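*Asks:* Produce the entire structure from the sequences given, and follow the hints as far as they go.
Protein chains in written order, with the numbering used here: chain A, 5 to 169; chain B, 30 to 280.
Please keep in mind that the hints were generated in silico from the structure rather than gathered at the bench.
Take a look, some chain A residues computed to stay more than 10 Å from chain B by CB distance: (1) Asn39; (2) Lys80; (3) Ser102; (4) Asp139.
Stretch-level coverage of chain A by chain B, calculated; a stretch enters the list once three of its residues show a Cβ under 8 Å from a Cβ in chain B: (5) 116 to 126; (6) 129 to 136.
List of simulated lysine-lysine pairs, DSS-like, C-alpha gap at most 25 Å: (7) A:Lys69 / B:Lys186; (8) A:Lys51 / A:Lys168; (9) B:Lys212 / A:Lys69; (10) B:Lys186 / A:Lys143; (11) B:Lys225 / A:Lys120; (12) B:Lys225 / B:Lys184; (13) A:Lys120 / B:Lys212.
Predicted model only: the values in this text are computed from it and were never measured.
We put the CB at the ideal spot given by N, CA and C, even for glycine.
Chain by chain, the residues:
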Amino acid sequence: MKNKLLTLCFSLALMLTSGVASATNSPLYGLSFPNVDQQEINLSQYKGKVVLLNFWATWCPPCIKEMPSMQRLQEKFEGQDFEIVAISAGETQTAVESFLMELDTELTFSILLDEKGRTFNEFGVRGLPTSFLFDRKGKLIKVISGSREWDEDREVNMIEAALKP
Amino acid sequence: MRHLLLLCLLAATLFSPGYAHVLVEEDSAQIGETEIPFLRYRDTTAPNSKGVLLWYEPHYGDFKAQPVARRLAEHGFIVIQPNWFEAFFLPRSYASFGEMDDQVMNDFVVHMKPNQSTPVYLIGASRGAVAALKTQTSRNAQIRGLIALNPSIYKQKPEPFQPVTFVDAAAHCSVPVVILQPKQSTRIWWMNEVEKILTTGGAKVRSVFLENVRDGFWQRPDITQAEVARKAVFHQDIIAAINTLETLNEE
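*Replies:* If you want it as structure tokens, here you go:
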């Protein structure tokens, strides 16, 4: 009985510790980049929220194709603990701004600029688009390679599952 | 069917003013029990060729004549474009390059060399670079170098946050390599690891970045205006790469 209690306490402590560690060490919260308005955005501000981190480029047709459905996904979860952050890596602010002006859909989620492309190496991104879904503690729960129709059932269900307490 | 294709290619060649002297022939080579179909581009008016370029295609797209290869033939090179997938009865897939018989590929290179003094260069596009790396070990052919076009030389498809492994041949490359890498690509962020693995076997490596174009731009169906312009002069990039290979050989 004593042994079982000890094991239970130990397991509980381990679970709590790993939870804290994953939040503290999350690659997400170490990121900080300017948006197209040149305001610095630190992703640690999204602690406690489910975050869909998307990597894209203006020269990548499938990335552009999925943008409108990503906007619809953002609108679907408006007011909930969910954020979409799209990082344009390796492109200048002018290139991204010009692209957004030409786009038929107005994007209300965060578009950040990683002009030096350091996140490509940090996240191991080798193809575009690539998206990462993080839970409220900043733990990576899904890697999505390639484009998606983000407001389809499968993707919506995935976000809903991540939002469940 | 093959004869019809050959006829079409000949007709296209004859009626195309830009390629007035370039002949594109469909042929095949018998290496042991393997028949290797290939396209040969050559200038029928050139007395001597400047060299043989073995052009290895990627796994995507259709096997068809490349306008860039025609341009290279116009400039005095014989371009050989083997269809490895058909030769080895393999699907056009990412993994197929790992299943190709190195010995047959090596023997093919020797077989296609017209004489001892003709220089041979390899061109590997995307996963085609894996095939090129496998054949650069063909000592008898005395290959002068490899031009890698947006090379993809991983053993398996890389996954985020996972370490990558390269095909074994990458670490055994001993001929000079010039990488022509479009800048509109995620590969530019991983050039260091590609260069590093290629130099492991003693190869001298130079990388050239191509502005405003994407990987495989010379054969993309969704080609942009900037890519059309670059495609028209891409043969010059390749000729410059050949010159770099020769410089590296002399160093």
